[in-house]
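The lines below spell out each chain.
Number of protein chains: 2
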Amino acid sequence: MQFQARIDVKHLPGIADPQGATVQRSLPALGYTNVSEVHIGKLIRLVLDAPDEVAARVQVVEMCERLLANPVIEAYEIEIIELAPNT
Amino acid sequence: MQFQARIDVKHLPGIADPQGATVQRSLPALGYTNVSEVHIGKLIRLVLDAPDEVAARVQVVEMCERLLANPVIEAYEIEIIELAPNT
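The listed protein sequences derive, respectively, from chains A and B.
Add 45 to the 1-based position in the first sequence for the numbering used here, that's all there is to it.
Add 45 to the 1-based position in the second sequence for the numbering used here, that's all there is to it.
Within a straight-line C-alpha distance of at most 30 angstroms, the following computed DSBU-like cross-link-like pairs (lysine-lysine) qualify:
1. A:Lys-87 x B:Lys-55
2. B:Lys-55 x A:Lys-55
3. A:Lys-55 x B:Lys-87
4. B:Lys-87 x A:Lys-87
Covered stretches of chain B (in silico footprint by chain A; criterion: 3 or more residues with CB under 8 angstroms from a CB of chain A, positions within the stretch not fixed):
5. 90-96
6. 106-112
Restraint-style ranges between C-beta atoms, simulated for each label pair:
7. B:Glu-98 x A:Val-103: 34 to 44 angstroms
8. A:Ile-60 x B:Arg-70: 20 to 30 angstroms
9. A:Thr-67 x B:Ala-100: 21 to 31 angstroms
Keep in mind the hints are simulated off the structure, nothing from the lab.
The C-beta atom is built at its ideal place from N, Cα and C for all residues, glycine as well.
Work out the full structure: start from the sequences and follow the hints.
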């Protein structure tokens, strides 16, 4: 069966987010003075073959720990969606 | 009122996604041969003050067009969540 995984990778609390900080500093110059707490993370989408949803999730967690995220500075949330057989 | 915006910025179809392609090429070397269609985009979170949800969404669309996304190569999806008054 095929599953789509959506992995939301964000900085752990307290870890600097330079990309978010840069955007936040730029917004007032464009006239947006009502924006705060800008955080920029990654959203990874992928498709994998697995016997069931549990196996898919276990593999995605393993891939996050090994490659997709940096567990020292990043947290990740995984969402697994079963794809219809004809897609 | 305060609103949280979550903005999912992804490449338009047909636009090269070098970060996703690099991850996809790396996975077989780690033993993951069942993964395809790896796409890596940005997930932006921010908080803004606005009179209502419609005004918040209008401002976020404008910020996406001007700064947060590159409409020539990227698509974006916006989700607006009202924050409880005490947060």
